[in-house]
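Listed here are the chains, written in short residue letters.
Number of protein chains: 2
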Amino acid sequence: MTEKSSKSKKQGKKPRLYSYRIRQSPYYDATQRYGCKSYTPYNNMYLPLVYKDLLSDYWSLKNDVTLWDVGCERQVEITGPDAFKFLQQLTPRNLTKFKIGQCYYVPLTNAHGGIVNDPVALRLEKNKFWLSVADREILLWAKGLAAGLKMQVSIQEPDVSPLAVQGPKSFDLMADLLGDWVRTLKYFWFKETELNGIPFILARTGWSKQGGYELFLQDGQYGDQLWEIIMGAGKPYNIQPGTPCWIERIESGLLNYWEDVTDSTNPYEVGMGRFVDLDQDVDFVGKEALKKINAEGIKRKLVGLEIHTEPLTQTAEFWVVECNHQPVGMITSAVYSPDLKKNIAYAMVSIECSDLGTDLKVDLGEVKADATVVPLPFVDNRDKYLAGL
Amino acid sequence: MTEKSSKSKKQGKKPRLYSYRIRQSPYYDATQRYGCKSYTPYNNMYLPLVYKDLLSDYWSLKNDVTLWDVGCERQVEITGPDAFKFLQQLTPRNLTKFKIGQCYYVPLTNAHGGIVNDPVALRLEKNKFWLSVADREILLWAKGLAAGLKMQVSIQEPDVSPLAVQGPKSFDLMADLLGDWVRTLKYFWFKETELNGIPFILARTGWSKQGGYELFLQDGQYGDQLWEIIMGAGKPYNIQPGTPCWIERIESGLLNYWEDVTDSTNPYEVGMGRFVDLDQDVDFVGKEALKKINAEGIKRKLVGLEIHTEPLTQTAEFWVVECNHQPVGMITSAVYSPDLKKNIAYAMVSIECSDLGTDLKVDLGEVKADATVVPLPFVDNRDKYLAGL
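Going line by line, the protein sequences match chains Y and R. The opening position of the first sequence corresponds to residue 5 in our numbering, with each subsequent residue numbered one higher. The opening position of the second sequence corresponds to residue 5 in our numbering, with each subsequent residue numbered one higher.
Check each hint, because a few of them may be wrong.
Claimed, not checked - Straight-line Cα separation of at most 20 Å, DMTMM-like style, residue types lysine to aspartate or glutamate; simulated pairs: (1) 154/Y - 321/R; (2) 295/Y - 283/Y; (3) 154/R - 287/Y; (4) 154/R - 285/Y; (5) 154/R - 292/Y; (6) 154/Y - 292/R; (7) 372/Y - 310/Y; (8) 154/Y - 287/R.
Simulated from the structure, these hints should not be mistaken for lab results.
Generate the whole structure from the sequences, applying the supplied hints.
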């Protein structure tokens, strides 16, 4: 009997597919039941984009708590005797203080100092790490580098699927489920735990600044069950299914890979200079290039802009930014913030035009709107994401 | 005037996007005008899937000539003093006879001997190559390896977008446009040429065995124009817009990456052993692993199957294959061939069950169908793709 039921569970794990090349996460069925209206391919998986509508999803995240299928944040697992040494090769960040149980934001650079990805790394053991990657096959980047360096590491994608619980009521919700310890789990730290026997890692991370957690489910067959447990416990907190929120992430100063950051931007240009340690002994990929860039100084910079015009509608255009009638850069992300009642944006502009208060123009096609360089983040949510600490 | 018009051309090149992360090829507008009904993301671009319907598209390809937007076959350009040396690291194939002007099918292997991708390489100069890759970010794999090996190579994605002209009438069509020399361009060779000043490389390649070419357009702004020139000239030959054809490619013995081939299959398992040269001096990635696999012998093998049941409808399920009531493998691709009037499939099965003529069963869910191991390819199209040579 036991053998049979374990077999049928295994069969239940088999991914059902619309295409061999786009996979469903363990939460996919749940997202369908809960009315997800559209998805985007992300790391060759379906990432939910909208449930009710963008605004409802936004207010649920800011006022209550939302549950996100972010199974597409694939994990790149690095193990083996050289795992730590290898991770040091991948990132300009100094890792000497990176503790077991901790999460580190680790921009990865290529030989030219460009950012290949900006994952969060989890240190599970002395020589066991997960990189929770943005949209790009970092598995191949890491495997290629390891093959070239001939290091003793094993690099693979484990059966791990993140689920995010985000929003100010996430602390109460998760405390109900797991106990009060979750309130004082430090920001960017994690703990291995379980719910009804479902194994996962609870990390105080997530791609919003509204507070919350990511649950790194360690056995895909329990995806639906985990989703329902959290949805059930979340009812008193008005939980809603949600998605990474375009508006909130810009308000909060979060950057999106492929938009604000690509491999043709370097860490100094996008405010990640503090993660670059050129003085360490480690010869990480891109060190020589970053030394040169640092010595010469950057020529452009990602800044926050307020665009003084009618509320923007959703967009995906790289609008040209002008100063004194000359093009000086481009918008990388822009949105109308219902909370701030302003259009806010990131723009990559010439360093000469990057000072706070600089007046610029944004060519929106039909009009050229006035814009001003403002401090980042647009909204300081420290009280929210550090709640209880 | 000249400056102005060249500027507006440059602006015309700016990609229009529905998402920052999924790009449109230079032929995208044309595919829309010509009625493409659905696309699939492939290398983060839109790959057309269906125009009229699968069967019409199939017969157009087999009887006449079809034009495919395969701009998603991204090129990985390798240049620099170590370019040739580096390419030898990437593939187990012996490259010593690889000539300028030639195309080489080069399976790329990882440290475990698994196939990371199976691109066609073009040798443009002594130290300049393009890899025309299947769906996977081989740019990252190659850059990672190069960073690790510290070789003097430059690796990038050039502004090159393949367009395929496939089908038995492609020879007449392209001869009308470019001259009779195209008829005798050797199979898997290429030549740099142009049409109305539009620069491209004409290669006698393509992902069908119906005969034809791939045009590697070298300036994206001319995509629409090139498309229309070919469509116009193709009218007498009943040209239709088309796509890589699921049915034809199985009939012809072509394998699809992520289905029949993945990084957990090795070259010996999928009939690519002839591309592995273990005796060469080069220490390519995966050599040690492949030596071991070769010495021990493979344990499973990709075979051709005929499945004796009702015509299959389109599917993307990995059906289990059984022998004597035991599971011995799985179907990787299957389709009903209207031409052969048979269900044909690839299956990865235990080596013991891989002999020609072996009787197997395929678990289709509702029924277990009888199946027989048959020779590959299912259809020998040598007279078609070698026409004129």
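Evaluated hints:
Between residue 154/Y and residue 321/R, the direct Cα distance comes to roughly 37 Å. Violation of the 20 Å bound is thereby established for this hinted pair. Taking the CA atoms of residue 295/Y and residue 283/Y, the gap is about 10 Å. The hint holds against a cut of 20 Å. Between residue 154/R and residue 287/Y, the direct Cα distance comes to roughly 12 Å. Compliance with the 20 Å bound is thereby established for this hinted pair. The hinted pair formed by residue 154/R and residue 285/Y meets the criterion: a straight-line CA distance of about 18 Å does not exceed 20 Å.
Taken as a hint, the residue 154/R and residue 292/Y pair is honoured in the structure, with Cα atoms around 12 Å apart against an allowance of 20 Å. Only pairs whose Cα atoms come within 20 Å are accepted, and residue 154/Y paired with residue 292/R is accepted, the gap being roughly 12 Å. Proximity of residue 372/Y to residue 310/Y is assessed by CA-CA distance (about 13 Å); at most 20 Å being required, the pair is judged to hold. With a C-alpha separation of about 12 Å, the suggested pair residue 154/Y and residue 287/R falls inside the 20 Å cut-off, and the hint holds.
Of the hints listed earlier, the one the structure fails to meet is number 1.
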